[in-house]
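K.L.:
Protein chains in written order, with the UniProt record's numbering: chain A, 1 to 300; chain B, 1 to 272; chain C, 1 to 353.
Please keep in mind that the hints were generated in silico from the structure rather than gathered at the bench.
Since the model is a prediction, treat every value here as computed from it, not as a measurement.
Hints are supplied without guarantee of correctness; some may be wrong.
[As the list claims (entries may be wrong)] Listed next, the in silico EDC-like pairs over lysine to aspartate or glutamate satisfying Cα-Cα at most 16 Å (straight line):
1) A:Lys219 <-> C:Asp191
2) A:Lys264 <-> A:Glu232
3) A:Lys219 <-> A:Glu196
4) A:Lys219 <-> C:Glu241
5) A:Lys264 <-> A:Asp247
Here are the chains, one letter per residue:
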Amino acid sequence: MSAAASSPPLSRRAVLGTLLGFGFGFGLAADPARAAASAMRIASLGGAVTEILWRLGAGSRIAIVDTTSVYPAEVLREKPNAGYLRALSAEGLLSAGPDLVIAAEGAGPAAVLTQIREAGIPVVLVHEPPTVEGVLEKIRAVGHAAGLDAPAETLHRTVEAAFAALAGRRARIARPARALVVLSLANGRVMAGGRESTADGILALAGLRNAAEGLTGFKPITDEAIVAAAPETVVVMSNEGHALSPDTVFAPGTALSQTPAAAKRSLVAMDGLALLGFGPRTPETAEALMRAVYPDLTGE
Amino acid sequence: MSDLLRAEDLAYAVAGRVLVEDIALTAEPGRIQIVVGPNGAGKSTLLRLLSGELAPTSGRVTYAGEPAAAIPPWRLAAMRAVMPQALRLAFPFSAAEVARIGLDGIGRGLDRRARDAILTEALHRADVSHLARRSYPTLSGGEQARVQFARALCQLAAGRTLARQQVLFLDEPTASLDLRHQTALLDVAADLAGAGTAVIAILHDLNLAAAYADELIALQAGRIVARGRPETVLRDDLVARVFGVPWCVGEVPEAGRPFLLPRRGVAVRQQG
Amino acid sequence: MSEARRRGVAVFAGLALLLAAILLLSLGSGAVRIPPGRVLDILLQGGASGAGDPTFARDALVVLNIRLPRTLLGLMVGAGLAVSGALMQGLFRNPLADPALVGVSAGAGLAAATVIVLGDRLLAAVNLPGSLPYTALPVAAFSGGLATTYGLYRVATRAGRISVATMLLAGLAAAALAGALTGLLVYASDDRQLRDLTFWSLGSLSGATWTKVMTSAPAILPVLVTVPFLGRGLNALVLGEAEAFHLGVPVERLKRVAILLVAVAVGAGVAAAGVIGFVGLVVPHGLRLLIGPEHRRLLPACALLGGALLVLADVVARLVVAPAELPIGIVTAIVGAPVFLWLLLGRSALADV
């Protein structure tokens with residue numbers, strides 16, 4: 001079960017907290033499932049959570065979002081914004097008058113979530129592992145929390161089927177190409193996605209091999225390591241249609257210009273949230289990435 | 001009754017270097033003792049030892065028979081006051097506030113009117129009444145020195161409510177003062193001595209020292225090389241030996257060249 | 001002199017009024033709109049009268065459990081920082097000293113970064129599941145701050161005497177070292193931890209609970225209560241350590257007490273609200289221009305104005321981008337830095353500082 005109704009982890013925290021001499025009081029957690037059925041105003045915190053709610057047809061019930069909730073933009077532009085997921089304000093959230101909070105795991109500060117619960121508003125935290133199973137379970141968890149189990153089942157089946165189709169195509173890739181996900185390119189310094197990052201997850205789904213396998217998480221990578229990684233394609237983030245051009249990425253004299261990707265001028269620009277967000281759009285995104293790198297696979 | 005202040009076999013060394021040694025000294029009520037000597041002779045170190053600020057390497061300093069180190073700071077503060085060499089402040093205290101710091105601690109038992117009276121009197125005697133509200137950092141060096149003198153006077157006046165006998169230490173008090181204020185300050189010190197305070201001062205000006213000292217103490221390389229009435233200490237051979245100048249005591253310069261000697265108790269008071 | 005006294009009384013009355021007004025403003029404003037009458041009603045009757053009205057219950061909760069502890073915490077942290085700043089400036093005889101000089105902030109920052117970045121990994125290493133309780137961060141920050149100050153204090157103490165100059169230099173070295181180690185942790189952090197670090201280092205009163213108020217109070221109140229007794233000694237200390245001793249001040253004890261009080265108060269402030277800059281510098285500075293450097297007036301005035309300004313900054317922080325909120329350190333620096341410059345330019349008397 002990926003929907004963590006707050007009580008079990010929090011009571012453990014309460015025990016540890018008491019040991020440390022800080023007896024924070026918990027125990028006002030209402031039953032989220034019961035509140036959910038009538039939840040008409042949802043505080044939706046986390047890009048994937050918001051996207052799922054929208055796909056489940058609950059977009060109009062979203063009362064307030066966070067800064068990571070940016071898709072679909074036209075729906076969310078009008079919603080009040082509670083700020084960054086991990087630096088929320090209790091009163092700010094309460095001012096939207098929510099009767100349910102669904103938040104990606106890691107929302108906080110924890111004391112703010114406690115204050116929300118003290119106000120009698122259930123808080124449901126959703127786990128976010130960057131895997132196929134993670135996405136599928138997240139859909140069910142969000143749907144259950146919002147009392148939309150049936151639509152969630154439908155979406156679950158759709159997304160599951162898309163992942164299955166993706167897996168089928170992926171199986172036809174004879175030799176996975178080496179790809180480098182470049183998060184940013186500031187002043188010539190490359191920030192790349194290594195192992196255990198969301199970038200690594202999406203590359204795996206797209207049938208690509210992470211060229212930055214020596215890194216863990218998003219880290220700056222040295223020029224030598226870029227040359228050694230020898231990516232055959234470079235993936236960059238686009239933001240509202242703006243992305244780095246091949247001329248910038250493969251500028252003469254840079255380490256990236258000395259990679260096989262530069263020789264083929266193989267550069268893929270993809271929307272940041274779609275690429276790294278691990279929501280319902282993930283299969284499509286992975287497929288788009290796969291098509292961009294393996295154009296031959298399309299002749300189906 | 002033991003002596004007001006007594007130092008025996010006093011020595012102080014730091015990092016193996018002896019700064020003063022073999023000092024014996026007794027301060028008596030009503031007496032002005034002036035320490036003279038070249039730079040590095042150990043004059044300031046001696047003053048710091050006597051005031052209890054430094055603990056001697058050997059020997060001892062006693063106030064009324066009690067070792068200075070054993071007397072709590074607040075009680076010591078009632079028995080002696082120190083006017084330091086030039087002192088700059090990082091904060092814009094007014095002159096009156098700086099002087100008042102002298103009686104804040106020891107004068108706690110006094111009512112506000114008594115404290116105000118002490119402050120007014122001290123500012124007047126140091127001739128800084130007209131500077132009272134000026135910011136201390138904006139005063140000239142000489143004006144600052146007089147404010148510090150007023151502070152020491154405040155401390156003595158407040159301390160008189162706790163201690164019957166007191167010592168006033170002056171570390172080169174006249175260094176940045178004009179002639180009028182040099183004699184005015186030393187006149188006030190002499191008045192205090194007249195009223196029973198023991199005064200121990202460091203002076204560079206031998207003429208001033210000779211004019212005011214009951215006992216002159218000549219210090220060289222950390223040792224007392226001569227002491228006594230000014231006329232017995234200030235001799236040609238001592239001046240040559242201690243200060244390294246072949247000047248003769250009492251000699252008038254070549255014809256026509258003017259010279260000027262200080263006189264006690266005649267400073268004209270003028271405001272402004 | 002009586003004029004100065006009258007001026008002092010007027011300034012204190014003004015500061016008290018300002019503080020009262022800001023406290024009411026803080027309790028009366030926020031993302032949730034509550035009429036002022038209802039706020040007063042809730043405060044005076046503890047929210048008992050409105051039973052039955054669901055919006056009243058929610059408003060009572062917002063006022064009593066969110067705004068009130070937050071306001072009190074801001075008041076304490078601001079007062080503690082400003083008083084600590086003034087204490088440090090007196091102790092170091094330098095108007096540019098700030099509480100960070102005794103190493104509290106550096107140590108607290110490093111400890112906090114360690115918890116944020118390595119916390120869960122450390123927990124896993126000792127075979128405990130899940131993640132650290134959120135009390136781990138303030139506890140670590142507080143202990144890290146105190147430990148660093150104690151280390152600096154030991155380095156700067158020779159033969160029972162503390163050299164404030166050595167402490168200042170060692171403090172700079174400690175800050176550089178802590179900064180470098182924090183940099184290492186930044187390197188090891190993932191995206192989310194990095195953002196946590198950034199937000200923590202900008203400070204916030206968000207998440208202020210009664211528990212936080214109650215645990216911070218025993219650390220911050222001592223410095224506020226002791227302050228009236230330190231003014232005289234600090235005045236004397238401004239003349240110099242030798243002069244203070246001549247005046248009967250137990251200099252070493254005063255330095256020890258001041259450093260301890262500052263370390264505990266700033267440590268608790270940093271633990272409760274993260275790093276909040278400029279309050280410890282600007283408040284004493286401004287007040288010195290207004291009422292002079294006399295510490296018996298300055299220190300209590302710092303408590304009043306420091307508390308008032310931090311609460312005001314928090315009101316701004318939570319209103320400008322409501323329902324989200326700005327880190328409070330941004331507000332204090334955006335307002336504090338220009339005010340500081342203006343103070344410097346406006347007073348030529350400070351040119352020789």
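K.L.:
Taking each numbered hint in turn, which are not upheld by the structure, reported in ascending numerical order?
P.N.:
4
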